[in-house]
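Enquirer: The listed protein sequences derive, respectively, from chains A and B.
Each residue of the first sequence is one higher than the one before, starting from 0 at the first, in numbering that gives the first Met the number 0.
Each residue of the second sequence is one higher than the one before, starting from 0 at the first, in numbering that gives the first Met the number 0.
It is possible that some hints are incorrect.
[Stated by the list, open to error] Simulated restraints, written as ranges between beta carbons of each label pair:
1. B/SER24 <-> A/GLU87: 27 to 37 Å
2. B/GLY4 <-> A/ARG264: 41 to 51 Å
3. A/GLU190 <-> B/CYS57: 28 to 38 Å
4. B/VAL27 <-> A/ALA183: 48 to 58 Å
5. A/GLU250 <-> B/GLY4: 24 to 34 Å
6. B/VAL27 <-> A/HIS348: 51 to 61 Å
7. B/CYS57 <-> A/GLN231: 45 to 55 Å
8. A/GLN231 <-> B/PHE48: 44 to 54 Å
9. A/GLU389 <-> B/GLY4: 18 to 28 Å
[What the hints assert, rightly or not] Listed next, the stretches of chain B that the computed footprint assigns to chain A, with coverage defined by at least 3 CB atoms under 8 Å from CB atoms of chain A:
10. 11–17
11. 69–75
[Unchecked claim] Which chain A residues stay away from chain B? Per the calculated CB distances, all over 12 Å, these:
12. VAL53
13. GLY94
14. VAL108
15. SER199
16. PRO200
17. ARG212
18. ASP233
19. SER339
To be clear, the hints were calculated from the coordinates, so they are not data collected in a lab.
Note that the structure is a prediction, hence the values are computed from the model and not measured.
Note that beta-carbon positions come from the ideal geometry of N, C-alpha and C, so glycine has one too.
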Amino acid sequence: MHIIEDGNVAAAMGVKLAGAQVIAAYPITPQTPLTEKLSEFVESGELRAQYIPVESEHSALAACIAAGSAGARAFTATSANGLLYMHEQIQWAAGARLPIVMCVVNRAVGAPWCIWNDHQDSISQRDTGWIQMYACDHQQIIDGVLKAFALAEAVSIPVMVCYDGYLLSHTYMPFEVPEEEKVARFLPPFEPSYALDPESPANLNTVTLPDVRMDVTGEMAHGYMEIRYLLQEDLRAALEVAQEIEDRFKEVFGRGGDALLEPYRCDDAEHIVVGLGSLTYQLRDVVEILRNEGHRVGVLGVRLYRPFPDEALAAALQHAAGVIVIEKAVSYGYEGALCSDLKAALLAHRTDGGRPPAVKGMIAGIGGRDIRTADLTDALRAHITGTPVEGPGWIGLKLYDSFQDEAPPQGTSRASARGRGRERE
Amino acid sequence: MGTRGYRYKTSHSLAGPGDGGKTGSWRVQRPVIDLERCTPARRKAEACFICWLYCPDCVISRSIPPTIDYEYCKGCAICAEECPTKAITMVDEAGRQEDDEQTCSLEGSRPCT
Numbered sequence: 000m001h002i003i004e005d006g007n008v009a010a011a012m013g014v015k016l017a018g019a020q021v022i023a024a025y026p027i028t029p030q031t032p033l034t035e036k037l038s039e040f041v042e043s044g045e046l047r048a049q050y051i052p053v054e055s056e057h058s059a060l061a062a063c064i065a066a067g068s069a070g071a072r073a074f075t076a077t078s079a080n081g082l083l084y085m086h087e088q089i090q091w092a093a094g095a096r097l098p099i100v101m102c103v104v105n106r107a108v109g110a111p112w113c114i115w116n117d118h119q120d121s122i123s124q125r126d127t128g129w130i131q132m133y134a135c136d137h138q139q140i141i142d143g144v145l146k147a148f149a150l151a152e153a154v155s156i157p158v159m160v161c162y163d164g165y166l167l168s169h170t171y172m173p174f175e176v177p178e179e180e181k182v183a184r185f186l187p188p189f190e191p192s193y194a195l196d197p198e199s200p201a202n203l204n205t206v207t208l209p210d211v212r213m214d215v216t217g218e219m220a221h222g223y224m225e226i227r228y229l230l231q232e233d234l235r236a237a238l239e240v241a242q243e244i245e246d247r248f249k250e251v252f253g254r255g256g257d258a259l260l261e262p263y264r265c266d267d268a269e270h271i272v273v274g275l276g277s278l279t280y281q282l283r284d285v286v287e288i289l290r291n292e293g294h295r296v297g298v299l300g301v302r303l304y305r306p307f308p309d310e311a312l313a314a315a316l317q318h319a320a321g322v323i324v325i326e327k328a329v330s331y332g333y334e335g336a337l338c339s340d341l342k343a344a345l346l347a348h349r350t351d352g353g354r355p356p357a358v359k360g361m362i363a364g365i366g367g368r369d370i371r372t373a374d375l376t377d378a379l380r381a382h383i384t385g386t387p388v389e390g391p392g393w394i395g396l397k398l399y400d401s402f403q404d405e406a407p408p409q410g411t412s413r414a415s416a417r418g419r420g421r422e423r424e
Numbered sequence: 000m001g002t003r004g005y006r007y008k009t010s011h012s013l014a015g016p017g018d019g020g021k022t023g024s025w026r027v028q029r030p031v032i033d034l035e036r037c038t039p040a041r042r043k044a045e046a047c048f049i050c051w052l053y054c055p056d057c058v059i060s061r062s063i064p065p066t067i068d069y070e071y072c073k074g075c076a077i078c079a080e081e082c083p084t085k086a087i088t089m090v091d092e093a094g095r096q097e098d099d100e101q102t103c104s105l106e107g108s109r110p111c112t
């Protein structure tokens with residue numbers, strides 16, 4: 000069935016179809032309509048789940064951790080500072096190997112307060128051991144939630160389904176609703192690998208000592224290092240499992256294809272633009288414009304950011320002369336995290352004697368700054384044609400002279416402070 | 000992957016002595032029971048057992064008198080806090096000898112040596 004709805008509703012319908020048994024969430028813009036929809040589903044009896052209203056995001060994930068430990072299919076969702084507030088439990092859920100699924104409706108993090116879209120929230124959770132999927136449209140959101148549960152349960156690792164706040168969460172788009180009977184085939188009821196059992200009490204995630212130990216049954220039990228290594232090993236193996244699940248999804252539903260990357264006009268491209276989320280679909284328009292001008296450009300969307308598809312990325316980019324990474328997040332003090340990851344992958348997987356393509360990092364859309372197709376086109380054209388560009392490579396940045404009469408921060412000369420004044424657009 | 004797989008990939012311990020190592024070595028103070036004050040010891044009957052009930056590590060026996068397994072007691076002092084007759088006193092481990100008796104009767108907070 001084709002319907003037209005917003006991205007949050009697409010996510011909620013996915014969670015309903017997946018038959019989540021426990022939902023615990025705390026409302027935060029722009030995720031709020033997703034949790035409201037889910038509580039409506041539970042209230043009306045359409046979704047037979049426990050909806051646990053909690054006092055914070057930390058508690059929301061703690062409730063999901065408890066539910067997962069008891070063997071339930073658990074879901075939560077959040078954005079921005081809510082995600083940051085979960086951080087301690089995010090690490091816990093991964094170390095405890097609980098297949099929780101969480102939608103992250105991407106939003107800028109404070110300070111200053113900002114409710115609009117960028118990727119700083121989920122990117123800042125990159126190293127927690129969760130799998131991160133990025134959706135580009137509503138179809139990928141609703142399908143992504145189903146695939147996320149399948150993947151999480153297959154590898155016992157929690158999954159974030161990230162989608163852009165407002166750009167996807169609050170816009171209406173047509174999408175296909177997965178048929179219930181097909182969902183039943185694709186995603187059977189959750190069979191936990193372990194569930195709390197009053198008949199056989201156990202301590203979960205207890206203190207581990209630096210070395211291995213003998214347990215009560217006389218078997219050697221892993222220490223912290225082994226447990227963490229296995230998380231890393233299983234995450235790396237999840238690249239393959241994600242693709243298997245994608246293939247199975249395509250078999251059942253007839254859509255999808257590549258779990259890791261989504262290339263558009265990359266085959267003959269001299270320059271390839273790499274990004275995450277809905278921006279990569281907007282970039283398709285830019286590709287068309289630049290191709291009409293005679294520039295051979297393609298765009299490569301990264302669907303799965305963690306585990307990082309390093310080999311697939313390097314293979315997809317090896318024939319390009321140049322790669323431009325456009326990101327909505329910054330590893331402050333360096334550059335965009337995706338850009339760093341990608342450069343490392345190109346270096347690690349370069350073909351014999353081959354030079355890896357030159358990589359240029361750009362930042363765009365921080366705090367919901369409008370990313371205009373014309374600006375993207377200009378920035379890419381300038382880079383491709385080697386036109387010298389003034390400024391730091393933040394597309395759409397507007398700096399003003401307004402406060403230049405105030406004393407500059409120590410160590411900054413007044414002249415240089417004034418020099419970075421004018422509006423640049 | 001089954002329960003075994005789960006235990007293989009996480010820290011998971013079963014109820015039983017020693018699954019978390021010999022945690023008695025963590026102890027800074029040890030609880031010592033004054034049998035003159037301890038209700039089941041004094042009445043020679045199954046009674047009270049609040050210490051047994053509250054001990055988070057199940058190292059206190061439900062016996063007359065109750066005994067404490069110092070091999071695993073971490074010295075958290077919950078038993079001393081909860082004992083309604085104040086029969087349990089926390090005593091510094093520093094300077095103690097290794098072969099102490101596990102339970103003993105004593106006056107006040109003087110360690111049994």
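Enquirer: Does each hint hold? Answer for all of them.
Expert: Cross-check of the supplied hints:
| no. | hint | result |
| --- | --- | --- |
| 1 | B/SER24 <-> A/GLU87: 27 to 37 Å | holds (28 Å) |
| 2 | B/GLY4 <-> A/ARG264: 41 to 51 Å | holds (43 Å) |
| 3 | A/GLU190 <-> B/CYS57: 28 to 38 Å | holds (31 Å) |
| 4 | B/VAL27 <-> A/ALA183: 48 to 58 Å | holds (57 Å) |
| 5 | A/GLU250 <-> B/GLY4: 24 to 34 Å | holds (26 Å) |
| 6 | B/VAL27 <-> A/HIS348: 51 to 61 Å | holds (53 Å) |
| 7 | B/CYS57 <-> A/GLN231: 45 to 55 Å | violated (35 Å) |
| 8 | A/GLN231 <-> B/PHE48: 44 to 54 Å | holds (46 Å) |
| 9 | A/GLU389 <-> B/GLY4: 18 to 28 Å | violated (57 Å) |
| 10 | 11–17 | holds (count 7) |
| 11 | 69–75 | violated (count 0) |
| 12 | VAL53 | holds (24 Å) |
| 13 | GLY94 | violated (7 Å) |
| 14 | VAL108 | holds (30 Å) |
| 15 | SER199 | violated (8 Å) |
| 16 | PRO200 | violated (5 Å) |
| 17 | ARG212 | violated (6 Å) |
| 18 | ASP233 | violated (7 Å) |
| 19 | SER339 | holds (29 Å) |
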